[in-house]
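The numbering of the sequence shown is our numbering, which starts it at 1 and goes up by one.
Be a bit skeptical, because a hint or two may be false.
[Said to hold, decoys possible] Below, a list of computed lysine to aspartate or glutamate pairs in the EDC-like style, where the Cα atoms sit at most 20 Å apart:
{"no.": "1", "residue 1": "22", "residue 2": "47"}
{"no.": "2", "residue 1": "3", "residue 2": "41"}
{"no.": "3", "residue 1": "22", "residue 2": "45"}
{"no.": "4", "residue 1": "37", "residue 2": "2"}
Simulated from the structure, these hints should not be mistaken for lab results.
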Amino acid sequence: MEKIRRHIKFYGYVQGVGFRWKASNTARRLGISGWVKNLPDGSVEMEAEGTPRDIDDLIEALENHSWGSVERIEADSIPVHGDYSFDVI
1 MEKIRRHIKF YGYVQGVGFR WKASNTARRL GISGWVKNLP DGSVEMEAEG TPRDIDDLIE
61 ALENHSWGSV ERIEADSIPV HGDYSFDVI
């Protein structure tokens, strides 16, 4: 299946609750590359590259994160980079 890449921002109670750890572990398990980082406004920014289904599964896992709460998600399609790892920045 063809890969896509998404730029995603998560808003809500998403910092200080293991959100980036969950994102990186889930992304690696699903074979998704990209990165995730905290932003000064309290949101979390992520780029994820993989199959559409795997990225949807990643987002669903993060929406159901038991320690925090996602209030809103913004996502845009961006060009594929072809990277091979998922990093916490």
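Each hint tested on the structure:
Distance hint between residue 22 and residue 47 is fulfilled; the C-alpha atoms sit about 14 Å from each other, no more than 20 Å. About 30 Å separates the Cα atoms of residue 3 and residue 41, which puts this hinted pair outside 20 Å; it is violated. A C-alpha spacing of about 14 Å is found between residue 22 and residue 45, which places the hinted pair at or below 20 Å, so the restraint holds. Restraint check for residue 37 and residue 2: the C-alpha separation of about 26 Å exceeds 20 Å, so the hint is violated.
Hint violations for this structure: numbers 2 and 4, all remaining hints satisfied.
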